[in-house]
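Chains A and B, in that order, give the protein sequences.
Residue numbering for the first sequence follows this note's numbering, beginning at 1 and increasing consecutively.
Residue numbering for the second sequence follows this note's numbering, beginning at 1001 and increasing consecutively.
Hints are computed from structural coordinates only; laboratory data are not their basis.
Just so you know, not all the hints are guaranteed correct.
Think about it this way: if two alpha-carbon atoms lie no more than 30 Å apart in a straight line, the pair counts; the simulated DSS-like pairs of lysine-lysine are [what the hints assert, rightly or not]:
1) A/K85 with A/K202
2) A/K202 with A/K235
3) B/K1144 with B/K1070
4) A/K115 with A/K85
5) B/K1004 with A/K85
6) A/K115 with B/K1070
7) A/K29 with A/K235
8) B/K1057 with B/K1144
9) B/K1070 with A/K179
10) A/K202 with A/K115
11) A/K179 with A/K115
12) B/K1004 with A/K115
13) A/K202 with A/K179
14) A/K29 with A/K179
15) B/K1091 with A/K115
16) B/K1057 with B/K1004
17) B/K1079 with A/K115
18) B/K1070 with B/K1004
19) B/K1144 with A/K29
Please read all numbers here as calculations on a predicted model, not as lab measurements.
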Amino acid sequence: MTPALDLRDGLISGRLEEIGRVLLFASGKGGVGKSTLSASTAYLLSSRGSVGVLDLDLHGPSIPALFGIASCSFRESREGLVPAKVDTVHVMSIDSFVRGRGLPARGVRKAETMKDMMAITNFGPLDTLVVDLPPGTGDEFLTALEMFRGREGIVFVTQPSMLSWNVTKRALGIAVAMKSGIAGVIQNMGRPLRQIERDCSKMGVPVLGSIGYHGSISDRPVSRLRGSAFMRELKNVLEAASLL
Amino acid sequence: MVPKMHEWSLAAGIIQTVEDECRRQSITRVQSLELSVGELAQIEVDTLREALSHLKKGTAMSGSRITIRKERTRMSCRKCMHAWSFMESRKQLSPLQKGGDNAVHYLPSTVNAFITCPSCGSPDFDIVSGFGLSIMSFTADGRKRA
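Full structure from sequences and hints, please.
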C-alpha cells in the first residue's frame, strides 16, 4: 500500500523556511574540485553569516576530510539531529552515519536517503546552506533539484577542458530545462576556455569566473587554506558573482 | 535510559505534513490517522504516540484517533534471491560499529552499509517491506482523504 503523505515534506519545508538560500554545487564529471569548492565556499561565507554544509555525495563523501575531521558528529534533539560545528560551519554528511563504510544504494533508495537527511537534520536558522552533490545527472541530482526548488542557486563546476565541459553541459542543460535556479559556472583548475563562455552565453547562463590549478592544496583542510592563492581566487569569483 | 528524541522530530513532521495537507484541502478537522512503522527504523511506538498526543494539541488533528501499525521488515538479496527478516540480521549491527543501530534508526536506507545477506554475504539487497515511518491514510471532515 502506498503512503498517502510523506511526513518528510512537512519537515523539509519547515527546515527550508529557516534557510536564506541554498547553494548547490554540481558537476557532470567527478574530480573537478566540486567538493573542494563547496567546502571552501562554505568556509568563506561563514565569516559573514551562519552557514551549513550538507554532503549528499552518498557514494563518495569527502566533506568531513575537507574540514579536517575523520567523521562528523551530531547530537539528537526533539527538533532533529543538530550537526556539529566544524571551525565555523555546521557540517552534516552521509558519512556521519555510515562512518567510513561504502553505501550500496540503488535508485529510489538514494532519493530516500537524501530526503531523510534533509528532513532529520536541524541546521536551525542559516544564511546559507551549501550542498555538495555527487557528479552526474541521476537520482541525486534530480532529487536535489526537486527538494530545493525555489531556494536553489546551482553552481556548476567544470574543468576548463572539453572532456569535462561536454559532460557538465549535459547536467546544466537538464537544470535549464527544469527551470532550476542556476547561479552559474565556475571553471576550475586551469586557464578559462572560450568555448565554455560561448556555450554558456548561448544557454543564458553566467560564467562566474575561473580558478587556476593549485596542486599544493591537495589533502589540506579548508581551514588551512586561509590566505592561499586558491582561496583568494575563489573569494574574487564569489564576490564578483555577488555570492559572497 | 537513552532519551528517544528522534521520535519527537518525526512526530513533528507528521503533524506539519498533515496540517499542510489540511490547508491545501480546506480541511478543518481530522478524525483519524493511520501510520505504519517499519521495524527497520527501530522507532519506539510509545514515545511516538506520546509525542503525537502532545504536538497535535491546537491543530486540526487535536481530536483525532491515531492508529499505529507495526510492519515486519523483510529483505531480499539481489545476488542469491535469499529472503530474510531484519530480526535475523539485527545481531550484525552491534558488533560492527558503535552507534550502528542508531544510523539505521535515523536513516533506514543506510542498512545496506551495516548488514549483509545471511546466505551469500552480499550487501546488495532490497528492503521488501517495513522500511520506515509512513502516513498511510487519514479521515477528515467525514471522509477518507488518502
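Hint by hint, here is what the structure shows:
| no. | hint | verdict |
| --- | --- | --- |
| 1 | A/K85 with A/K202 | 41 Å, violated |
| 2 | A/K202 with A/K235 | 26 Å, holds |
| 3 | B/K1144 with B/K1070 | 21 Å, holds |
| 4 | A/K115 with A/K85 | 22 Å, holds |
| 5 | B/K1004 with A/K85 | 23 Å, holds |
| 6 | A/K115 with B/K1070 | 22 Å, holds |
| 7 | A/K29 with A/K235 | 23 Å, holds |
| 8 | B/K1057 with B/K1144 | 22 Å, holds |
| 9 | B/K1070 with A/K179 | 41 Å, violated |
| 10 | A/K202 with A/K115 | 34 Å, violated |
| 11 | A/K179 with A/K115 | 21 Å, holds |
| 12 | B/K1004 with A/K115 | 21 Å, holds |
| 13 | A/K202 with A/K179 | 16 Å, holds |
| 14 | A/K29 with A/K179 | 21 Å, holds |
| 15 | B/K1091 with A/K115 | 27 Å, holds |
| 16 | B/K1057 with B/K1004 | 21 Å, holds |
| 17 | B/K1079 with A/K115 | 27 Å, holds |
| 18 | B/K1070 with B/K1004 | 18 Å, holds |
| 19 | B/K1144 with A/K29 | 47 Å, violated |
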